[in-house]
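Enquirer: The hints should help you fit chain B onto chain A, whose structure is shown.
Number of protein chains: 2
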Amino acid sequence: MSDLPIKLGLLGLGTVGGGTVNVLRRNADEIARRVGRPIEIKIASVRELSAPRICDCSEFELTDQPKQVVAHPDVDIVVELMGGEGLARELVLAAVHNGKHVVTANKALVALHGNEIFAAAQNAGVSVLFEAAVAGGINIIKSIREGMAGNQIELVAGIINGTGNFILTEMRDKGRTFEDVLAEAQALGYAEADPTFDVEGIDAAHKLTILASIAFGVPLEFDKVYTEGISELELVDVGYAGDLGYRIKHLGIARPVADELELRVHPTLIPEKRLIANVDGVMNAVLVRGDAVGNTLHYGAGAGAEPTASAVVADIVDLSRALAGNSAAPVPHLAFQADAIRARRVRTSEEFTSAYYLRIDVNDVPGVMSELTTIFADLGVSIVAITQKEPARGQHHVSVIFITQRTNEALISKAINQIEDMQDVLKSVTRLRVEHLDS
Amino acid sequence: MSDLPIKLGLLGLGTVGGGTVNVLRRNADEIARRVGRPIEIKIASVRELSAPRICDCSEFELTDQPKQVVAHPDVDIVVELMGGEGLARELVLAAVHNGKHVVTANKALVALHGNEIFAAAQNAGVSVLFEAAVAGGINIIKSIREGMAGNQIELVAGIINGTGNFILTEMRDKGRTFEDVLAEAQALGYAEADPTFDVEGIDAAHKLTILASIAFGVPLEFDKVYTEGISELELVDVGYAGDLGYRIKHLGIARPVADELELRVHPTLIPEKRLIANVDGVMNAVLVRGDAVGNTLHYGAGAGAEPTASAVVADIVDLSRALAGNSAAPVPHLAFQADAIRARRVRTSEEFTSAYYLRIDVNDVPGVMSELTTIFADLGVSIVAITQKEPARGQHHVSVIFITQRTNEALISKAINQIEDMQDVLKSVTRLRVEHLDS
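Chains as they are written, first to last, in our numbering: chain A, 641 to 1079; chain B, 641 to 1079.
Be aware that a few hints might be false.
Because identical chains share one entry, a pair is satisfied inside a single copy or across any pair of copies.
Straight-line distance between alpha carbons at most 25 Å, and here's what the computed SDA-like set of lysine to any residue pairs gives [said to hold, decoys possible]: (1) Lys647 to Ala668; (2) Lys647 to Asp979; (3) Lys913 to Glu810; (4) Lys913 to Gly885; (5) Lys913 to Asp1078; (6) Lys913 to Leu1077; (7) Lys864 to Ala945; (8) Lys647 to Ala980; (9) Lys647 to Asn1003; (10) Lys864 to Gln826; (11) Lys913 to Tyr830; (12) Lys814 to Asn918; (13) Lys913 to Leu875.
Worth flagging that the hints you see were computed from the coordinates, not collected in a lab.
The shape of chain A in the complex, shown without the other chains (with noise of 0.2 Å):
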């Protein structure tokens, strides 16, 4: 061991950076044995000066010029804990030019300038980590860009919104409408003042972007995702869904299908007896299924200020590790090579394949059950469940759930636009999407 400090200059100090600052301090010692050097917290940058924070900042410089700590020339590592994609990719670029490790936690700037970060520091011969930017403490990035670096990746399907988990939760256990916990989850602090990032799904697809690239050497192309988010869904669904032996979870799944990619974020059936689909509240798990290995599901709390610190700081030891081994760490940003990364066609969603949900409000009178299943039976669509509940007293309107086998989307589309001419068809039918998820 030896005595000499790995430097740290750190950008924000909010929850998560303040949580950071708490893990590296109160956990010094066994850090320090781990990397073999103390971890020092050389300096850190805020908006304010003298606003509160969560953390003791009397052993490091505070400044509010951010420039200073990305020049810093102390400074091994910086540590990126800002958030936002704007100052923090030019704060990540200069801390990369001026020669430095960067660690960030930041989603959307990996998925939407991780091409050019990553490109800028293959160049300047540093390492960007970004393990907190997925699913916070489970080292899922970890998992899949080394643990199964011996696989083809057969699938990744994740919980990664803490947030839209929470709600779907409670809309099954408690059979409260999305508005109703949204405004709870709000007022409790899981969810923004502005949920949009991650009711809308916009969230899992920065995370899904990501934990894509890794897993199949293809470039971040956010753009490219199908995202669906969970404001939609209705509770009677969600029901319905119950009945059937499924539990709706908002996932995000990558799968390799011939030379493309589907890449998709959607609220999606899964059978109850799955372990993922008995993943509740706000923990995260990603599923990866790989050639040689299986299934692998982990499992873990997805944000939060320790947990994500917590792969904040395992991004800064392996750094640490390897500086203090004199060689930058030997792992590539994305897994594959820089030079071995090739685009691959991502499919549309009319599209991709899947099992379909489909719920169909119809009169309750002669024949309709007939006319669908015709119109199921011409385009080849096979039915593998129907449940029909009886009409409520005095009422002559039904639902009808049809779960169908794994088909062409474009067919189910067909399908829907088909029924919805019937004239027994009250509304526009509800479409979900069923992942079995076995093999």
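Expert: Just chain B now, with coordinates in the frame of chain A:
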């Protein structure tokens, strides 16, 4: 990318060796894209040159002289997949002395001789990696050693023997006895002809030894692990546990208590709502709790040719990425730097704290329950659940089940002694430990 291959020498071409060759060949392109250089098998040693194999051996040299492999001048990495701990130890030490990096899947070797081997590797400036030694395809070593490096580990609790978990799952699901399921597992090839290592917990104790070392920075001390197998487990207790909302799993548990450690392998009741209670069949899962990250769960196949090969190849990729970058892998063998490993006292079973399940078979006469509850009350043991079934028609003895609060094992032993001295108690008390695994 460079065309210069990283060259391997394999010791053993059985199930795991053959699986490793198959994975390296099938995924050669993706692996080279990840490493930056191709990986080539140069030579492999086998016991019998003419035996049938599960892999194509036409592209490398075969020998029945394993010393040729560890001394081969072209070999960069020796991959030990022969098992056993006599010859394997000699060959691994020879490889290390010859300046070769080593990858091994051999848990007995690491648990029993790891301290010696890692010291030799440290001296020789090489790495000995062993991801496949614990829980096959789950990268639990990497997750603890690197992914959770910022945490103080508070608990490791794992289902780390697939054969045992298969037997327990069948007992519960099908109401079959231990002996019956074991015989089937042997016929199917899941269990060895001599099943002692699996069913008496020795295999799990080897793995727990390794997990404890990397989690807590202590030396490998297999002989300090308290080990209880599943061979004494009675079907009736599996049923009672189920009635009370628990599942019985064979867990390896390691946790720090003040400055000491508990290291124990035994059948354990777990609340059926925990994810890990629902890990069935031959699958493995390890719960790791860190002070920053909270609870994490790591799930996947624990054995089999290709899941194990997945971990072996991940280690080969780690070393190859480091070799391609001209540096040794910067991660210390046991997670902590060699000079930072510190022994901690390991507690005896009488010092354990746990909740307990006690089945007491008694004559169905007045006053027995009062006598039992008085014993617990006098010792200060709190009871959280009691269940007693009506005696079968014509029977005069009944089973009474107690579940205690968390307490000291010495107190429970004292209670059991007093209970077994009671006149109306018919036979030895069955004692199982209960872990709630919440926090």
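Enquirer: Does each hint fit the structure? Answer for all of them.
Expert: We went through each hint and held it up to the structure:
1. Lys647 to Ala668: Intra 13 Å, inter 39 Å, cutoff 25 Å: intra-copy only.
2. Lys647 to Asp979: between (31 Å within a copy, 22 Å between copies)
3. Lys913 to Glu810: Both, since 19 Å and 17 Å are each at most 25 Å.
4. Lys913 to Gly885: both (8 Å within a copy, 17 Å between copies)
5. Lys913 to Asp1078: both (10 Å within a copy, 21 Å between copies)
6. Lys913 to Leu1077: Close inside one copy (11 Å) and across copies (21 Å); limit 25 Å.
7. Lys864 to Ala945: Result: close neither inside a copy nor across copies, 31 Å intra and 37 Å inter.
8. Lys647 to Ala980: between (33 Å within a copy, 21 Å between copies)
9. Lys647 to Asn1003: neither (70 Å within a copy, 71 Å between copies)
10. Lys864 to Gln826: Neither: 30 Å inside a copy, 50 Å across copies.
11. Lys913 to Tyr830: between (28 Å within a copy, 24 Å between copies)
12. Lys814 to Asn918: both (16 Å within a copy, 23 Å between copies)
13. Lys913 to Leu875: both (21 Å within a copy, 24 Å between copies)
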